[in-house]
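Here is what each chain is made of, one letter per residue.
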Amino acid sequence: MGSFDLSEIFYNVDSGYLEGLIRGFKNGILRQEDYRHLTQCDTLEDLKLHLQGTDYGNFLANEPSPLTVSVIDDKLREKLVAEFEYIRNHSYKELGVFLDFIKYSYMIDNIILLITGTLHQRQLSELLTKCHPLGTFDQMETVTIATNTADLYNAILVDSPLAPFFKECISEEDLNEMNIEIIRNTLYKAYLEAFYDWCKEKGGATADVMCEILAFEADRRSIIITINSFGTELTKEDRAKLYPRRGKLYPDGLIELARADDYETVKRIAEYYADYRPLFDGTGNGPGDKTLEDKFFEHEVTLNVNSFMQQFQYGVFYSYVKLKEQECRNVIWIAECIAQRHRAKIESYIPIM
Amino acid sequence: MGHLFRSEEMCLTQLYLQSEAAFACVSELGELGLAQFRDLNPNVNAFQRKFVNEVRRCDEMERKLRFLERELKKDNIPVDDDGDVPFAPLPREMIDLEGKFEKLEKDMKEVNSNEETLKRNFLELTELRYILRKTQSFFEEAAMFHEQPEYGHGGDESTQSLLGSEASRGPFTKLGFVTGVILREKMPAFERVLWRACRGNVFLRYVEIEESFKDPHTGDTVNKCVFIIFFQGEQLKNRVKKICEGFHATLYPCPESPQERREIAIGVMTRIEDLQTVLSQTDDHRRLVLSQVARDIRIWLIKVRKIKAIYDTLNLFNVNIAEKCLIAECWCPAADLDKIRMSLRRGTESSGSSVPSILQVMKTEESPPTYNRTNDFTSAFQALIDAFGVASYREVNPSPFTIITFPFLFAVMFGDLGHGLIMFVFGFYLVWNQQKFLRNKSNNEIWEMMLGGRYLILLMGIFSMYTGFLYNECFSRSLNVFGSAWNVSNNPGWDKDYLRNHESLLVDPAKPGVFRGSDLPYPNSTGNPYPYGMDPIWQSASNKITFLNSYKMKGAVIMGLCQMLFGLSLALYNHLYFKNYTSLLCEWVPKVVFLLCVIGYLCFLILYKWAVWNAADSFHAPSLMIGLINMFMFKAPSLKEQTLVFQGHATFQKVLQIVNDSGDDEEILHHNEAIMDSDSDSDSSKQEEEFEMGQFMIIQVIHTIEYCLNCISHTASYLRLWALSLAHAELSEVLWTMVMHSGLAMPGTLGIIGSFIVFWGFSALTVGILLVMEGLSAFLHALRLHWVEFQSKFYSGEGYIFSPFSFDAIIHDKVEE
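Residue numbers (my numbering), protein chains in the order written: chain A, 152 to 504; chain B, 3 to 819.
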């Protein structure tokens with residue numbers, strides 16, 4: 152905090168309106184009470200009726216009955232995208248760059264989705280509907296012509312904003328499922344590192360908030376990669392290359408993780424870190440137990456909610472998108488449980504306090 | 003006006019409605035709009051209520067109607083609006099309506115999808131036509147090189163196009179090509195990806211299509227480009243096609259030979275013509291369907307909204323299964339119970355139910371809603387009051403008094419005859435055309451606000467003219483209506499030469515014959531002062547502001563006292579009405595005493611000084627301000643300090659001080675005693691009593707101190723009347739001398755043109771700054787004086803507004819959104 156940052160003086164001039172807007176949007180996020188009502192719904196129509204009473208308003212009013220979960224999903228996403236695009240269109244200079252960084256992660260997901268889909272001989276039109284609208288870019292749909300990563304980079308991605316992240320994964324190998332996964336993780340690693348560095352350089356409250364969140368994101372990826380790699384043909388050296396080197400685990404934890412062979416070792420490593428220790432406690436796959444993934448989500452939600460405690464920083468924009476995404480996941484989870492009449496697990500959404 | 007003085011008397015009633023008659027009864031009550039239903043199942047979720055299915059069906063109908071409305075808007079077909087408002091249909095008619103809407107929606111969708119396919123077809127054909135036309139030049143270019151192979155061979159390679167050199171190396175037919183159409187904005191990215199992905203082994207030519215197309219699905223206008231890509235080999239072909247697919251380019255087959263192209267072109271032309279006839283027919287059909295919809299859609303929307311509102315209301319009711327009836331509770335004005343009974347009877351009859359609906363008045367401890375019946379004229383003033391806080395049930399409503407005091411206080415700050423006249427004319431224009439304006443609602447919020455306050459503007463205009471006349475200001479100039487009462491020439495030795503040679507002269511009213519009392523015919527032969535308002539001579543006096551300041555300041559204090567005293571007298575009405583005699587004696591009386599002894603005394607001194615001290619002895623006139631300060635410091639007024647106003651002043655002031663202090667103490671003590679009395683009556687435990695006692699003491703002491711301070715600060719606050727009036731006068735003075743005067747002062751022909759031009763600047767500034775901005779500021783200050791200084795004397799404003807279930811409100815809110 153010690154350094155005097157000039158940019159914060161102009162923060163409200165440049166982005167004050169948008170921050171106000173985002174804080175307003177954040178107040179519209181569903182509360183515990185709303186979730187309680189939602190879980191009591193018997194049909195999707197009930198769900199719609201209740202959502203009408205929240206900030207979602209009439210977002211489903213023009214949909215003919217019967218409703219389906221996928222329609223709800225589309226509409227939820229549409230709303231978030233509309234809000235995000237509005238803010239992106241009004242953003243100024245650095246906030247624009249920041250918001251673009253948020254978009255990049257969706258772009259990565261979309262590219263990977265398209266490549267995987269093409270590998271499995273799916274139709275492009277079918278795949279496109281599954282792409283996240285926040286991550287679309289001009290050249291995206293042409294990724295299907297690439298057969299190896301060099302091709303992918305040279306022909307298509309070199310013009311896209313993702314090009315800088317791609318440097319590490321260019322090779323002449325043909326695309327297969329294994330190296331698509333590797334590409335995804337390498338891209339993500341490069342992306343997270345770039346995003347982290349950008350925030351760090353930005354300094355001030357943005358760095359305070361965002362580095363915390365992104366460090367957690369990096370560590371989560373490292374841990375999940377490690378756990379998922381057990382029993383696959385991924386070598387330990389290759390695995391170590393996929394760890395984003397910006398989290399709290401870096402460097403010691405990552406060295407340990409690179410050597411890990413089973414879940415218990417990972418757990419033991421995580422226990423050295425005060426933040427991650429509670430996440431591993433009490434997880435399991437039994438009924439009533441929360442999965443590690445859910446625990447991570449909960450922690451993410453806490454971090455994102457905390458980001459609203461500080462002003463004059465861009466973290467709120469990132470956090471809002473993430474919280475809203477979590478909310479969409481929650482609503483869809485509840486909707487799925489209702490639609491499939493599988494009410495036993497309806498309570499396992501992740502509340503946003 | 004009687005009903006505006008206090009809010010309506012309300013009563014809580016319970017309705018027992020037979021389930022078959024409930025719908026009709028609620029519908030009747032909705033038409034009446036006098037009952038506010040209470041939610042009897044606040045703990046039940048929205049989707050667990052009894053009539054949720056009906057509400058949902060209404061939602062569905064509304065959705066269909068909205069869809070039809072959108073279609074109407076797309077085709078710019080106006081909706082018929084004859085101002086007719088239908089009754090809510092019976093529940094059984096709902097099925098008919100549902101069927102009708104279902105069919106219309108299906109028809110509409112069918113027509114739309116047909117139209118879309120046709121339009122897509124049409125678009126494709128048009129695109130093909132462009133391709134055939136535009137690629138002609140590409141082929142001709144290619145053919146030119148093809149025909150001159152020797153030329154190409156012999157010539158310099160670098161000067162030839164890629165196509166030319168390739169054509170010269172191998173047979174031309176080996177080159178494959180695709181033609182297509184792509185969105186114009188995607189072209190650069192497309193070109194780049196194509197070049198990169200094929201490593202420069204393709205040749206792309208493109209040309210823009212001048213005509214813009216309409217996207218058949220979204221209806222947006224889009225611009226497109228025709229392109230042709232030449233390549234060699236099957237592998238490249240696949241790649242090119244994939245890229246085209248990725249960029250959503252539409253590919254069309256295009257034959258190589260000119261003859262075939264011509265044939266296809268002719269075929270395309272005839273097909274386009276055919277399609278056009280089909281399209282126009284579909285369009286006619288669509289218009290036919292929509293014109294039917296346009297005729298009825300407003301009526302339908304109102305009907306559906308009414309049904310939905312009725313079911314929403316029914317959802318608030320309790321269901322008594324055993325007796326097959328619905329139980330409702332509602333607030334309604336006691337005076338209108340008969341009307342409600344009538345509506346219920348009508349509802350029961352129209353539904354054919356044999357058992358009558360029962361209305362029963364309930365006793366309740368709850369505080370009822372506040373309902374002030376307003377009309378066109380009073381509603382704006384009531385809104386000003388409600389914006390501060392809705393009156394508690396049956397307490398004195400300040401709005402009838404506000405009707406006069408608000409425009410008056412506004413005008414004190416805005417006093418200018420000319421500005422007032424403009425405002426009056428504008429207000430009059432709004433009132434005169436109100437029927438027309440109210441019918442055509444506009445989306446302009448500011449306009450709507452002014453329209454709502456049209457009577458307020460009218461009155462503010464009239465009062466401003468009045469005060470402007472008093473201040474004798476019209477666009478900062480004075481009018482000499484009755485003739486000035488000052489006579490300059492009565493000074494000895496002031497002849498014409500003397501007057502000409504002196505820029506300014508001191509006119510002393512103490513000299514005989516200078517002020518009033520002149521016998522000369524001019525200026526004012528009556529010998530009396532200027533009969534009404536300010537003497538116009540002050541306009542040319544250099545001490546005009548000093549003179550007016552003292553006048554307006556004192557006037558402001560007197561007006562402030564009057565309004566505050568009036569507020570206190572309304573508090574008297576409140577205490578009497580609520581039979582709160584302890585408060586009356588121990589709170590109200592000391593309050594009045596304090597106000598009168600301090601501010602009342604000051605006002606008395608002001609009036610006394612005005613009446614008794616005159617021009618002759620004005621040099622040793624007492625200073626009221628110092629006198630008042632001294633009074634608080636217990637200094638007796640004396641002649642030496644120029645604070646003595648009249649003989650016996652000192653004694654009088656002492657008496658006041660004693661009365662005043664005792665008043666303060668009385669207020670604190672008596673209130674405590676009163677509380678103690680009421681406390682000892684109640685049988686609460688001793689300890690609790692003591693605790694409350696202490697708290698009450700503190701609150702009461704704070705209250706008393708606050709009131710005493712407020713008396714001073716509120717009086718000071720009324721000085722804004724003077725301050726704003728001064729600001730307004732000075733601003734208009736500046737505007738006149740800086741703008742209008744400079745135009746009028748120009749000599750000769752230049753003056754004519756100059757004045758004309760300057761006039762427009764002057765009038766724009768007058769309206770923009772003096773009327774709008776100054777008017778707004780005076781409005782806000784008048785509002786504050788009412789909300790804070792006036793209403794704090796008697797108004798608690800802790801009620802909640804009566805919002806009856808009324809179709810009128812429901813339809814007007816929503817139809818015009």
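Possibly wrong hints are sitting among the right ones.
One side only, chain A facing chain B, incomplete, derived with CB under 10 angstroms [stated by the list, open to error]:
id : residue
1  : Lys-199
2  : Leu-200
3  : His-201
4  : Glu-214
5  : Pro-215
6  : Thr-219
7  : Ala-306
8  : Ile-307
9  : Asp-310
10 : His-450
Calculated from the structure, these hints are not laboratory results.
Note that the Cβ used here is the ideal one computed from N, Cα and C, for glycine as well.
Against the structure, the hints:
Interface hint status for Lys-199 of chain A: upheld, as the beta-carbon distance to the closest one in chain B is roughly 9 angstroms, under 10 angstroms. Interface hint at Leu-200 of chain A: satisfied, since its Cβ lies 5 angstroms from the closest Cβ of chain B, which is below the 10 angstroms cut-off. Because the smallest distance between the Cβ of His-201 of chain A and any Cβ of chain B comes to about 6 angstroms, under 10 angstroms, the interface hint for this residue holds. The interface hint given for Glu-214 of chain A holds, since its Cβ lies 8 angstroms from the closest Cβ of chain B, which is under the 10 angstroms cut-off.
Given the 10 angstroms rule on beta carbons, the hint for Pro-215 of chain A holds: about 7 angstroms separates it from the nearest Cβ of chain B. The restraint placing Thr-219 of chain A at the interface with chain B is violated, with a minimum CB-CB distance near 16 angstroms, outside the 10 angstroms limit. Residue-level restraint check for Ala-306 of chain A holds (minimum Cβ-Cβ distance to chain B is 4 angstroms; threshold 10 angstroms). Among the interface hints, the one on Ile-307 of chain A holds; its C-beta lies about 6 angstroms from the nearest C-beta in chain B, closer than the 10 angstroms criterion.
Of the supplied interface hints, the one on Asp-310 of chain A holds, with its beta-carbon coming within about 6 angstroms of a beta-carbon of chain B, less than 10 angstroms. For the restraint placing His-450 of chain A at the interface with chain B, the shortest Cβ-Cβ distance is roughly 32 angstroms, beyond the 10 angstroms limit, so the hint is violated.
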